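Protein chains in written order, with numbering that gives the first Met the number 0: chain A, 0 to 435; chain B, 0 to 435.
No lab work stands behind these hints, which were simulated from the structure alone.
One or more hints might be untrue.
All copies of an identical chain are treated as equivalent in the list; a pair is satisfied when it fits inside any one copy or across any two copies.
Unchecked claim - Straight-line alpha carbon distances no greater than 27 Å define the calculated DSS-like cross-link-like pairs of lysine-lysine that follow:
{"hint": "1", "residue 1": "73", "residue 2": "108"}
{"hint": "2", "residue 1": "24", "residue 2": "108"}
{"hint": "3", "residue 1": "310", "residue 2": "377"}
{"hint": "4", "residue 1": "402", "residue 2": "251"}
{"hint": "5", "residue 1": "63", "residue 2": "108"}
{"hint": "6", "residue 1": "7", "residue 2": "63"}
{"hint": "7", "residue 1": "251", "residue 2": "375"}
{"hint": "8", "residue 1": "310", "residue 2": "376"}
{"hint": "9", "residue 1": "310", "residue 2": "157"}
{"hint": "10", "residue 1": "310", "residue 2": "387"}
{"hint": "11", "residue 1": "63", "residue 2": "310"}
{"hint": "12", "residue 1": "220", "residue 2": "198"}
{"hint": "13", "residue 1": "192", "residue 2": "159"}
{"hint": "14", "residue 1": "415", "residue 2": "24"}
{"hint": "15", "residue 1": "231", "residue 2": "173"}
{"hint": "16", "residue 1": "192", "residue 2": "231"}
{"hint": "17", "residue 1": "169", "residue 2": "200"}
{"hint": "18", "residue 1": "169", "residue 2": "357"}
{"hint": "19", "residue 1": "200", "residue 2": "403"}
{"hint": "20", "residue 1": "415", "residue 2": "251"}
As the structure is a prediction and not an experimental result, all values here were calculated from the model.
There are 2 protein chains.
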Amino acid sequence: MDPIIEPKVLRGFRDSLPRTELLRKKIRNTLEREFTLFGFVPIDTPALEYSEILLGKGGGETDKQIYRFLDHGKRDIALRFDLTVPFARFMARYSGEIILPFKRYHIAKVWRGENTQRGRYREFTQIDFDIVGVDSASADFEILMVMQRSFTALGVKKFKIHFSHRELLKEFLKNYGLEMNYVSILRIIDKTKKIGKAKVKDLLTELCAASQADDILEFIKIEKNDSLTLNKMADALDPDIEAFRRIDEIFKCIEECGLSEYFSFDPSITRGLDYYTGLVYETFLMDLPEIGSVCSGGRYNNLASLYTREKLPGVGSSIGLDRLISALEELKLSDPVEEGSNLIILFLDDSLLAAYQKMAAQLREAGLSVDVFPQKKKLAVQFNYAEKRTIPLALIYGETEHKKGVVTLKDLRTRKSYENLKLENAINTALELLRS
Amino acid sequence: MDPIIEPKVLRGFRDSLPRTELLRKKIRNTLEREFTLFGFVPIDTPALEYSEILLGKGGGETDKQIYRFLDHGKRDIALRFDLTVPFARFMARYSGEIILPFKRYHIAKVWRGENTQRGRYREFTQIDFDIVGVDSASADFEILMVMQRSFTALGVKKFKIHFSHRELLKEFLKNYGLEMNYVSILRIIDKTKKIGKAKVKDLLTELCAASQADDILEFIKIEKNDSLTLNKMADALDPDIEAFRRIDEIFKCIEECGLSEYFSFDPSITRGLDYYTGLVYETFLMDLPEIGSVCSGGRYNNLASLYTREKLPGVGSSIGLDRLISALEELKLSDPVEEGSNLIILFLDDSLLAAYQKMAAQLREAGLSVDVFPQKKKLAVQFNYAEKRTIPLALIYGETEHKKGVVTLKDLRTRKSYENLKLENAINTALELLRS
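Take these sequences, add in the hints, and give me the full structure.
Following this line, the structure appears as structure tokens:
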């Protein structure tokens with residue numbers, strides 16, 4: 000006998016069994032419905048791109064996490080590691096065709112050779128949505144509202160979207176002559192929720208005086224309510240700067256739409272990437288704060304500068320589907336998805352196969368999902384199969400029923416039988432039983 | 000100014016613009032609905048696997064088309080080139096967990112470094128569905144019926160599923176002592192529809208006598224109807240062989256379900272892979288025969304023998320989504336998918352932004368997909384945007400309307416305006432206009 004190959008998967012990769020895959024589909028459908036209601040449309044891009052495109056100019060050595068190799072034609076190619084870079088390339092390529100403002104979403108897998116020690120996966124699904132071609136409070140708010148609607152549609156009740164505006168920190172640092180350290184400082188502040196204020200202060204004092212670090216920490220502190228936080232910041236800055244106007248407009252929208260409970264103005268939100276230029280935000284599940292943000296993003300003033308001279312401002316957000324699913328499961332918010340079909344036709348007699356298949360077709364016409372048990376086996380085996388797959392109903396049609404031209408419907412949950420039914424009546428009874 | 004990177008994609012790869020992506024989603028949804036009605040459940044597997052898994056034992060040199068490389072940990076890995084091999088590995092891995100018979104579908108991308116000269120793509124989407132763990136006529140027919148239902152659900156009227164059974168050819172060749180050439184001969188016959196009978200005969204005569212080649216060609220010819228074809232074959236073989244019983248049962252199901260017009264018994268169907276052991280089939284669009292089969296498969300008696308000692312018989316079929324879409328487009332069977340939202344709220348006054356966003360929320364509650372134009376611009380610009388995105392309705396709410404507490408609804412298709420409406424009335428009017 001030949002030795003067999005062990006059917007293992009690569010570390011950091013996962014199969015998706017039906018129960019998980021059905022849940023993934025359900026969540027995707029829920030989110031896609033929200034995106035569509037807001038006028039977003041889907042796109043897709045290749046999994047493989049030229050490494051030059053994905054890595055940009057600095058590319059060469061930078062990202063050890065990327066799956067990069069030479070193809071048969073010795074082209075230097077790589078698997079995409081996020082959906083933002085391919086989207087930038089996409090917008091540059093179709094800039095003549097696409098009508099701006101453009102609202103797109105993209106749900107797709109990305110790959111990163113991350114260290115799996117930290118419970119990270121190397122293949123995961125990103126859900127990105129962006130509005131490109133406009134810099135306005137309306138677009139900023141729309142992304143925030145899609146986020147709010149999405150989590151509500153997923154059944155999450157207790158969540159909060161924390162947001163800030165990067166200009167405020169930038170202006171604040173100018174007062175101290177620290178603007179040259181702006182990116183380093185915002186990266187440190189970005190860690191506040193993870194490492195705590197004390198450690199942030201330690202890091203800041205490597206870049207500025209201890210008293211300045213204290214001032215920065217005071218500046219990014221959330222006060223009792225959003226107005227107090229904003230007032231404090233307005234006192235420290237020129238209250239006429241554009242960022243305040245933008246924040247004010249966004250708050251008006253939040254209030255008018257009755258969504259105040261879902262938002263919190265939080266100057267400690269900065270996001271790590273130097274890419275963002277305006278609004279930035281993160282979303283926290285109040286019953287699961289330790290997992291960090293489940294949906295984050297911000298405003299950028301130029302999406303595709305590596306690939307085109309056209310200036311493309313935009314605002315967008317991103318959800319990691321895998322982390323979201325873990326969170327929903329932990330919060331018991333993911334209803335068990337029904338895996339089995341609605342009804343099974345038991346196989347009692349070989350000569351009745353064609354009749355079983357025809358009945359199945361008629362039941363499916365009525366919208367029922369139907370299994371025909373695929374061969375004659377002991378009834379106990381067939382019932383056992385139905386039970387394991389949690390199929391609620393069975394249709395019994397043997398020699399006796401065949402002679403009488405009737406069927407028996409059995410509710411496998413209650414063990415109750417409905418005998419001597421014409422098929423149409425059995426269909427109606429089945430539909431009723433499934434509704435109950 | 001920095002030079003820009005040309006935003007190109009790899010040859011053989013494609014971006015999917017919203018119009019295409021919406022069509023892909025629609026087709027996927029249609030097919031998934033059919034699969035679900037038949038009790039199939041979805042799975043997914045990683046895009047990357049150990050090369051050993053994907054290539055099997057002979058692996059080493061065999062497949063130059065595969066994207067294969069070493070990862071950061073020097074593991075020999077590759078991108079999947081079909082969904083069958085990963086499914087075999089999957090079944091071996093979860094054999095203890097999965098309840099048999101198992102009906103799964105899998106819709107996912109696969110990658111092959113094929114020669115793009117022939118109009119082939121290097122990234123494409125496969126749709127596979129299989130019933131594993133049983134060898135029965137019922138399962139065979141169920142796959143055939145899923146195929147029939149799928150094409151009907153996609154709006155294709157004129158298609159035919161050609162099927163045969165490999166045992167018939169095998170038995171026939173035994174009569175001539177040609178069984179050792181069984182696989183080579185079936186591979187030649189498999190080319191009949193592509194290269195024609197004359198060339199097939201030339202190839203056959205390299206393996207057998209010219210008279211034998213004539214006999215083989217006569218044996219695989221379709222007669223005036225299925226019965227005549229089958230009778231001819233039964234005359235040439237022992238009519239008691241199992242394959243005839245299986246075919247007979249399948250025909251009974253086809254007839255009982257009223258599907259005869261969609262099926263044709265065709266002994267020239269053999270499929271190229273040596274993997275199949277029973278029923279084999281291909282699907283042809285009668286208005287587009289030149290593109291070849293759009294959905295093919297067959298019965299195999301052991302899915303996962305490389306990875307497990309457990310014997311897993313099964314039957315399955317596969318659709319190439321990209322070729323299917325080209326075909327539907329060529330047949331004008333793909334309705335244009337609406338890309339734009341149902342309604343746009345025009346942006347007339349900065350002070351009304353929050354009101355626009357609230358109205359949008361209310362309209363979405365009613366199930367309408369709604370764009371808010373994201374900033375104040377000339378009306379001509381906003382109407383132009385709506386027209387380009389084929390948005391049918393516009394809601395107008397400026398200073399005048401605001402004072403009166405009403406809105407104006409405009410049907411952009413007919414240019415008709417509905418003025419002085421309360422918002423609830425505008426919603427109802429919009430829903431009516433969209434239905435018309």
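For each hint, the structure was consulted:
1. Taking CA atoms no more than 27 Å apart as the test, residue 73 paired with residue 108 passes in both settings, with 25 Å inside one copy and 23 Å between copies.
2. In this assembly of identical chains, residue 24 and residue 108 lie within 27 Å of each other by CA distance both inside one copy and across copies; the values are 14 Å within and 16 Å between.
3. When the C-alpha separation of residue 310 and residue 377 is checked against a cutoff of 27 Å, the pair qualifies only between copies, where the shortest distance is 21 Å, while the shortest distance within a copy is 70 Å.
4. Taking the shortest Cα distances, residue 402 and residue 251 sit within 27 Å of each other only across copies (19 Å), while inside one copy they are farther apart (72 Å).
5. In the homo-oligomer, the alpha carbons of residue 63 and residue 108 lie at most 27 Å apart both inside one protomer (19 Å) and across protomers (25 Å), since each shortest distance falls under that limit.
6. With identical chains, the CA atoms of residue 7 and residue 63 are at most 27 Å apart both within one copy (25 Å) and between copies (23 Å).
7. Proximity of residue 251 to residue 375 under the C-alpha cut-off of 27 Å is restricted to the inter-copy arrangement: shortest distance 17 Å between copies versus 67 Å within a copy.
8. Taking the closest pair of Cα atoms, residue 310 and residue 376 come within 27 Å of each other only across two copies (19 Å); inside a single copy the shortest separation is 68 Å, beyond that limit.
9. When the C-alpha separation of residue 310 and residue 157 is checked against a cutoff of 27 Å, the pair qualifies neither within a copy, at 38 Å, nor between copies, at 49 Å.
10. Taking the shortest Cα distances, residue 310 and residue 387 sit within 27 Å of each other only across copies (21 Å), while inside one copy they are farther apart (57 Å).
11. For a Cα distance limit of 27 Å, the shortest separation of residue 63 from residue 310 qualifies neither inside one copy, at 30 Å, nor across copies, at 42 Å.
12. In this assembly of identical chains, residue 220 and residue 198 lie within 27 Å of each other by CA distance solely inside one copy; the values are 15 Å within and 81 Å between copies.
13. For the identical chains of this complex, residue 192 and residue 159 are intra-copy neighbours only, at 14 Å inside a copy versus 62 Å across copies, given an alpha-carbon limit of 27 Å.
14. Neither within a single protomer nor between protomers do residue 415 and residue 24 lie at most 27 Å apart by alpha-carbon distance, with minima of 33 Å and 41 Å respectively.
15. In the homo-oligomer, the alpha carbons of residue 231 and residue 173 lie at most 27 Å apart inside one protomer (17 Å), although the nearest pairing across protomers, at 92 Å, exceeds that limit.
16. Taking the shortest Cα distances, residue 192 and residue 231 sit within 27 Å of each other inside one copy (21 Å), while across copies they are farther apart (79 Å).
17. In this homomeric assembly, residue 169 and residue 200 come within 27 Å of each other (Cα to Cα) only inside a single copy, at 18 Å, whereas the closest approach across copies is 79 Å.
18. Taking identical chains as interchangeable, the C-alpha atoms of residue 169 and residue 357 are never at most 27 Å apart, the minima being 71 Å within one chain and 32 Å between chains.
19. In this assembly of identical chains, residue 200 and residue 403 lie within 27 Å of each other by CA distance neither inside one copy nor across copies; the values are 84 Å within and 55 Å between.
20. Neither within a single protomer nor between protomers do residue 415 and residue 251 lie at most 27 Å apart by alpha-carbon distance, with minima of 58 Å and 33 Å respectively.
In terms of the numbered hints stated before, the structure departs from hints 9, 11, 14, 18, 19, 20, listed from lowest to highest.
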